[in-house]
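Participant: Starting from the structure of chain Z, add chains L and G where the hints point.
Protein chains in written order, with this note's numbering: chain Z, 4 to 510; chain L, 25 to 257; chain G, 63 to 366.
You may find that some hints are simply not true.
Unchecked claim - Chain Z regions said to be covered by chain L (calculated; three or more residues, Cβ under 8 Å): (1) 178–186; (2) 458–469.
To be verified - Below 20 Å or equal to it, Euclidean Cα-Cα: the simulated EDC-like pairs (lysine to aspartate or glutamate) are: (3) G:Lys95 with G:Glu175; (4) Z:Lys165 with L:Glu89; (5) Z:Lys444 with L:Asp100; (6) L:Lys173 with G:Asp92; (7) Z:Lys444 with L:Glu89; (8) Z:Lys443 with L:Asp92; (9) L:Lys119 with G:Asp147; (10) G:Lys127 with G:Asp151; (11) Z:Lys444 with L:Asp97; (12) L:Lys31 with L:Asp92; (13) L:Lys119 with G:Asp151; (14) L:Lys243 with G:Asp92; (15) Z:Lys443 with L:Asp100; (16) G:Lys199 with G:Asp147; (17) Z:Lys232 with L:Asp97; (18) Z:Lys232 with L:Glu143; (19) Z:Lys233 with L:Asp97; (20) G:Lys95 with G:Asp147; (21) L:Lys119 with Z:Glu423; (22) L:Lys95 with Z:Glu227; (23) Z:Lys443 with L:Glu89.
Please keep in mind that the hints were generated in silico from the structure rather than gathered at the bench.
Don't be surprised by glycine CBs; every beta carbon is placed ideally from N, CA and C.
Chain residues, written in single-letter form:
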Amino acid sequence: MGDFLQGLSMVTNFSTVFWCAFGSVLGIILGALPGLTATMGVALVIPVSYNLSNTATGIGLLLSVYCGAVCGASIPAILLGIPGNPNAIATVEDGQLMTRKGLAGQALGGAVIASMIGGLGSEIFLIFFSPLIARMTLAFGPAEKTTLALVGLVIIAAVSGKNILKGLLMGALGFVFAFFGKDPVSGIVRIPFADLLRQTPLANGFDMTSTLIGLYGVSQVFSEIPNLKKTQDRVVAANIGSVFPPLRKIGQMWKIILSSLGIGTLVGAIPGTGASIAVFMAKNAATGICDASKGKLEKPGTGCLEGVFAPEVANNAVTGGALIPALSLGIPGDSATAVLIGALMINGVTPGFALFSQNMPLVYSLFITLTIANIFMGVFQLAGVKVYPKVLLISQRLLMPIVLILSFIGSYALAGSSVEKGLFNVGTALFMGLVGYAMKKNGYPLAPIVLGLILGGMFEEQFRKAMKLGAGTMSRFVSSPICWVFFLISVAIVVSTSVKNRRENGK
Amino acid sequence: MKKLKVKMLPLVMTVLSALYFIYVFASEETAMNADSVGGDPGGKFLPYVMAVFMFFGFLYITLKERPDGKKTDAGDRNLFLITLCEGVLYIAFSKVAGFLILTVILLYSLIYLYTTIGEKRSAKQACAGGAVTLSVTVAVYFLFRYVSKLLMRLGRQGILPMFKSSTAAAVVALVIVAGFTVLLSLTVCRKLKAKGFNRVADAGIVTFATVLFLYIVFKQFFLVALAPGFINY
Amino acid sequence: MKRILTVVLTAVVAISVVFAGGSSESSFPDPEKPITIIVPQGAGGGTDLQTRTLAAAMEEITGQKILVENVTGGSTGTGTNQVIDSPADGYTLLMYGTYVVCGTMTGNTIGHEGLDFISGLSMEPFMIAVQKDSQFKTLDDFIKYAKANPGKVTIGNAGATATTGVVAYGLDVACGKVFNVIDCNGGAELIPYVIGKHIDAGIFSQSEVKSNINDLRPLVFLGSGHSVVPEFAKVPNLKEAGYGDLTVPAGCFRGICAPKGTPDAAKKWLANAFEKAYKSDAFQNFLKENGLLGPFTKLDKFEA
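Chain Z extracted, bound-state conformation:
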């Protein structure tokens, strides 16, 4: 208790509150603008955090930016169908459908509340079960991660689109995109005309976020062109409606919230996995829960609050989850926490076992600032919920060129200081825009491509490592119960979805 009070006294000052507020707003802006990521935001405020006299204040600033960026990404996903960053990729479908129904306000408000629930809920796990969960994640070796990636991909193929074969094929296409670039084991470049092109940015493969921006942003512009000549009636969107989803509805969704929270926290805690798997797993779990609810809940994918809630709870639960191995083992759960660990060390905090045994007041102050960060995130984003949908009042004819430029600049900015790399990213975005346009027009889902690209690298790297550890045999897979569970889940999903598809198509 003494430690807690000491921690509390470290953060109860004006400057902490001010910088947390500042960080939240900055994070939301970063999250909402495609191309500016949570990782980048955290990296950018490190110098500021370092200059703050109080370590706890600096950490509060960093955590606020991190949480805000994850939450802010839902704004463009819901309003424009473009996820601000990969965190919001599963929010797009239902968010867009709700906007089309004129429920933009409720979707945005719901997303914020879901994010707060996810952030605060996962923090409870972080505070009470951190060492336990950290130990659990150690059980995830190469073989286990391979099967986890498999489950992730199968789920995405199952939840997006009406035909699981098309989903799986798009996932495979994503894998193929992921295979360009370096061989993940030896680091040798694996591209066509390697001798000629090895000095070009292609040697590092396609940038994941540029691909995302291309598939969702640029392709949107291409797809909208035929709609431009219609009269511009977006009035339905201007009717914001209530921003607070009815409390009773949230109460009914308690199962979805709990499952998303658990999935987000656990997946977030496994190093090298990240939010993009978690959000789809959460959505899939939510679909199952809705099926079982006998019509009390609406099914994700039909433009309902459930479909926004599940991924938005999960992606903010990932923030708490990713902090678990970061703080207790010093191992980052995702790229943003990697930068965060660096920032903590600069601020004089060495993550790892020693942190919990030697510096409990600081740990408490960190938990308190994380709470503040999550609350501010919610408050500031809710404050703007009535304002953001105004963007929909802008005519599509004006908005689409701006979306195109924003996609270009966003993918360019990801490259850092190199102009060539930046332009290569813009090229990637344009190319993926064409791919996305062609696929969308023909009824193929886009999300599996992005996930394939994200998971393809991880899948190949871990699969080959697992094979090598087993000296060329599948022994590492066979001997692991976790692998068996994941494998059986994958098979079950493929079979059940195919049967369901067949039945629905047969109708």
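Facilitator: Showing chains L and G alone in chain Z's frame:
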């Protein structure tokens, strides 16, 4: 053109999968060679699996699905191609011409083309508007850049210490651009609209505000090295 | 319309001329142009952390914006090449390390031939460590068991072409190729695999072992003499462990380089700024905290 009996996309993808298989087959093995125990299936294993899966998957769809015979409108196709070409040119010339000029041209022309769908377009009017937009944007650019640099210099010299960090100067730049946007839309744009040049005025002011806003946010706040080109100050 | 056009154009020309004339500043550094330090390794690793600490200290002291950018790939060759190919104006720097030599050996970069040295920062020794409950208590146990069961024992490193990879393969060859060498993607991946018993042993940098001291047991200290970290003072070095004839890299040297041909004035400014940052409390604490050795060196006092 003769009516095709199969859908184009799955057919193309089937062919591409086959080509990908050949490419993987022809490329070199990229696994580690210093490996004494072995066990790594190598860098070609999964690409093979994916190529085979995609080939048969898309082949199945090609054989099963039939085209629905929808046709695209010629005007839409032109607009699509123009957008695509402008995108390609934007990438090709970014390094030479730089962010400012190219973004103004791309944004202005697209907004003009998109907003005038189904209306009569006037090339002369559009070009004049574009030239004015570009010059005004460049002029304001020089102005706020000059102010930012001046403030930063004063910050470094300790005369105005609050501007030691370039972020403070960026805030001032943002205020300048916001001011000009309001000013221009109330004066020049209003006059142009009164004379019936609605489309040009809209495209111009939106382009001006968007480009400079993006410049300040990405370059001055977040220090992204935007392609400099020949207008760089 | 025409009148407005003329007025605006005249104004533009006038303004451009006035402002273009006033921009002839050439002293290094331009307050607005950030200095970018490229780390050719991933975020969150030892090299990255050290760079970020240094950059923060330097930004604090000079007021100049310092960006740290991770450019991975090509066994650090990609990042190194990006620095070599960038303009030699002092605004793009490289966090140089022993790993760049490895990148040079694999032919991915021309390495230090294209670089000018600015300052040397630290030397971080390596250790071989196992999970704390492991059956291997000493290096001798470990190698003997591996020799008796060829191919059964797995040993991890931070990447095939990272310096720890050179250690792992060097050890493997010296013992008659009995190990199953697993290349991980940086220390951040290797650590949980060793702690989670997926890999039997790993080559770590000392700071990595130190921050996981409750889960890892060091078998041998690869640096010269003994560790300066009190917890590791008793860890035997190679000679004491009975393998004095084994020659593998002892650790990772780190320093700052600029592209060849960077003006002397800029190099001098940078070297002085790095010296101040190096001597700052924050960076000194960081070094102490991580048990890093190494006196600060600057400009030509460096031999690769």
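Participant: Indicate, hint by hint, whether the structure satisfies it.
Facilitator: Quick rundown of the hints versus the structure:
1. 178–186: n = 4 at 8 Å, threshold three: holds.
2. 458–469: Coverage by chain L holds here, the residue count being 4 at a Cβ distance below 8 Å.
3. G:Lys95 with G:Glu175: Judged against 20 Å, a Cα distance of about 26 Å means the pair is violated.
4. Z:Lys165 with L:Glu89: Cα-Cα ~14 Å, so holds.
5. Z:Lys444 with L:Asp100: Holds - the C-alpha atoms of Asp100 of chain L and Lys444 of chain Z are around 14 Å apart, at most 20 Å.
6. L:Lys173 with G:Asp92: holds, 9 Å
7. Z:Lys444 with L:Glu89: Distance ~15 Å between Lys444 of chain Z and Glu89 of chain L Cα, so the pair holds.
8. Z:Lys443 with L:Asp92: holds, 15 Å
9. L:Lys119 with G:Asp147: holds, 16 Å
10. G:Lys127 with G:Asp151: holds, 16 Å
11. Z:Lys444 with L:Asp97: Roughly 14 Å between the alpha carbons, so the hint for Lys444 of chain Z and Asp97 of chain L holds.
12. L:Lys31 with L:Asp92: Within the cut-off at roughly 8 Å; holds.
13. L:Lys119 with G:Asp151: holds, 19 Å
14. L:Lys243 with G:Asp92: Cα-Cα ~15 Å, so holds.
15. Z:Lys443 with L:Asp100: holds, 17 Å
16. G:Lys199 with G:Asp147: Violated: Lys199 of chain G and Asp147 of chain G sit about 48 Å apart, past 20 Å.
17. Z:Lys232 with L:Asp97: holds, 11 Å
18. Z:Lys232 with L:Glu143: holds, 10 Å
19. Z:Lys233 with L:Asp97: Roughly 13 Å between the alpha carbons, so the hint for Lys233 of chain Z and Asp97 of chain L holds.
20. G:Lys95 with G:Asp147: holds, 18 Å
21. L:Lys119 with Z:Glu423: The given pair, whose Cα atoms are some 8 Å apart, holds under the 20 Å limit.
22. L:Lys95 with Z:Glu227: The given pair, whose Cα atoms are some 16 Å apart, holds under the 20 Å limit.
23. Z:Lys443 with L:Glu89: holds, 16 Å
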